[in-house]
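Heads up: the protein sequence lines correspond to chains A and B, in order.
With the first letter of the first sequence counted as 1, position 170 gets the number 169 in numbering that gives the first Met the number 0; the numbers rise by one all the way through.
With the first letter of the second sequence counted as 1, position 33 gets the number 32 in numbering that gives the first Met the number 0; the numbers rise by one all the way through.
Using 30 Å as the maximum straight-line C-alpha spacing, the simulated DSBU-like pairs for lysine-lysine come out as follows: (1) K294/A with K348/A; (2) K191/B with K41/B; (3) K128/A with K194/A; (4) K13/B with K194/A; (5) K194/A with K42/B; (6) K42/B with K2/B; (7) K2/B with K191/B; (8) K194/A with K41/B; (9) K41/B with K2/B.
To give an idea of the interface, some chain B residues facing chain A are shown, with a C-beta separation under 8 Å as derived from the structure: (10) K42; (11) T43; (12) I64; (13) R70; (14) A73; (15) V74; (16) T76; (17) R80; (18) V81; (19) A102.
By construction, these hints were calculated from the structure, which means they are not laboratory data.
For each residue, glycine too, the CB sits at the ideal point set by N, CA and C.
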Amino acid sequence: MSHLPRVLMKGNEAFGEGAVRAGCRHTFAYPITPQSELAHFLARRLPEIGGVFVQAESEVSAINMVFGAAAAGARVLTSSSSPGISLMQEGISYIAGARLPCVIVNVMRGGPGLGNIAPAQGDYFQAVKGGGHGDYCQIVLAPASVPEIIEMMILAFDLADRYRNPVMVVGDGVLGQMMEPVEIEPGETRTAPAKPWATDGQGDRPAPNIISSLNIVPEDNERFNLDLAVMYAEIRRGEQRCEEYRLDDAELVLVAFGTVARVAKAVVDRARRDGIRAGVIRPITLWPFPEDSVKRAAARADRFLVVEMSLGQMVEDVRLSVEGEKPVHFFGRPGGLVPTVREVCNEVKRITGVMPGAEDVPAATGVDR
Amino acid sequence: MPKTFQRPQALTDKPFHYCPGCTHGIIHRLVAEAVDQLAVRKKTVGVCPVGCAVFAYDYFNCDMIQAAHGRAPAVATGVKRVLPDRVVFTYQGDGDLAAIGTAEIVHAAARGEKITTIFVNNAIYGMTGGQMAPTTLLGQKTTTTPHGRDRETAGSPLRVAEMLSTIDGAVYVSRVSVHSPRHVRLAGRAIKKAFEVQLSGQGFSVVEVLSTCPTNWGLSPREALKWLGENMVPVFPLGEFRTPSAEEAIEC
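Next up, chain B with everything else stripped away, as it sits in the complex:
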């Protein structure tokens, strides 16, 4: 009987350590599927962040580097400038990319580095215990905004995809979500497209993926998916913000 569904080759057999209901596992699979579909696993180098995905090097079945907090785009730049024919991606969370690593992501985009960034936005710091992230919604309770994020004292959420889409070197910028099977499928297409843009040598590509954190949101896995769709998507609209001129837009 033919197999119609199996583990991607670009994932190892190691079980994920992520909390129940966390969508990192889905996003890892989507990245791995894109690598498999493009048949680039053996020439791919991934760079993982500091945060919940710090152990991503145990899960992706390709050469992997663990970078300092926020510095993955700089590390990826170093790899790609030495090995321009390799496929290089970073996998970063919102604290890593949108707070401590803001300079690195903006300037990797500005230089048009031919790398792909997977930006996982779950509106909170997961690993360190549920603190406010740059992407935390107004009013959202976190361990450092116990009464909800207040615009007056803690500012408002950073829209990374929109910000990066103003940069000429960022050739492909999109935002997707994984809160329903349909959205998971669309997210997979966007991630594959981002890798294709890298392979075409046109410049920097980034996919922001809206993700859940049931543990630190204080919600069940099912409630968390619903919360994402109802609360995050209105603040972080899905879609392609920048595409190569010759490309046709895809639904996100």
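This is chain A alone, in the form it adopts within the complex:
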């Protein structure tokens, strides 16, 4: 079988392709727009390679099937979009509490409630602050292109297994639906590390394994939580990832993730043509938040502008990282709209007062926070 060096691939399919390359052979999911092609792709692809795709009766069931498959030792995936991810929160908390590795894709759409099926980033808080009950953290990755989706999916499975913790990969309707060229690397399939803790039948082990998130004695549960805290601190130290774009001499630092980061880069290119020294920090890990990069930038930049497809959520983490050293501005389009380059340029003009060529936009568009 010959492979083309590059193929055009849809973002949603790339989530599936990345999972397959990561060695994932089990996916449990419930249909929801705008991530449907992901399920279509894996329902076709997984059986071809000895894998399993199960359409669950709900997102609640899907995440608990993931719980079971992860307990059995598999690299396992589920995928959904915002309302479905809300339904999974109980299960994600149990997965974190049972120390199980898994990967969850959220192709975010406009909310709250049924909202719409347009691109949005309003699930940032839910993803990075622990959407379910209890003290837990999940690693959150935010690719910004179709090739990077594949890369992030492979990383997601590796991080999940390394830390025995759920990893969420977030996209949005734009990223899911867009097509970009992807390099085909034949034979690149990872396998999961050994999982001696898995409940896969006692076999030759001296004793049965138990997977549980129950610690009925408060002192035991506190110890478990403190052990988690040690691991979370290790992740915070070691796993921050971001892309720094034209940042070295930047006076104005735009912070944006996913699709919006592409807009931010275009704004920076235009601003620099107009004489404004601007740069971008693009968080790739939303949790752990790349606070080291933001802190370094805060030492030399004049101000920050956070751009999101929400009412302003990541901006709080930027402000926590900047610690009041510099002004942090916000511009967002919530509810399913993508900020345009022109809108953000106008915001740059408004906060710097020096952007020739930017046009005024009606005050009603966008949110200034």
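Following the hints, complete the assembly by docking chain B onto the known chain A.
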């Protein structure tokens, strides 16, 4: 002198925490005996519920998973789809299976998941303090139906075995009881048969086991067994509701 009766290998040595007179211990033993008789302990994965049997992982001497409330059939589905040659069972109470987990049990059956469910029906929520269950009898007093379950406001008991028996993927569906030594013996046979159906790869199998809750029923252990036989069995008739076509029916 040869031993004629001993603890099943599929049970650990840990003493049960269940209330005096509770029949969970008997049912645990029946499940463990079936696992022993079929010699599958080392390839068995059990999934326990939220409820009185939440600590079942301490008692069953095989790999065990503790699932979220009602989600055991979904968890078991995940295990079985990864490891199709293992024996996978869920052990669930009536609140877990017949209320919050109704969707999970119905669809595990509909998919014909090759798992076995032991459904313990004692007509009440035990662990949380004796509230009304979906299987609470009409007129039965509970902490949330202090004047007795009223059909008008609280509906009527859910007959799970009958409901699941309408589903093609549910290959073996039976209801048994443990209120007398004879019934305990028949229940053991049904549970073993359910595991055999799983091993044969034909589909989903479930045994509903009528059980007591002396503590929350406000009865002595002996009175509770009598109450079960006199009040629950007429509402929840015993028997096999669905068997594999080639199988001969057994008494329940």
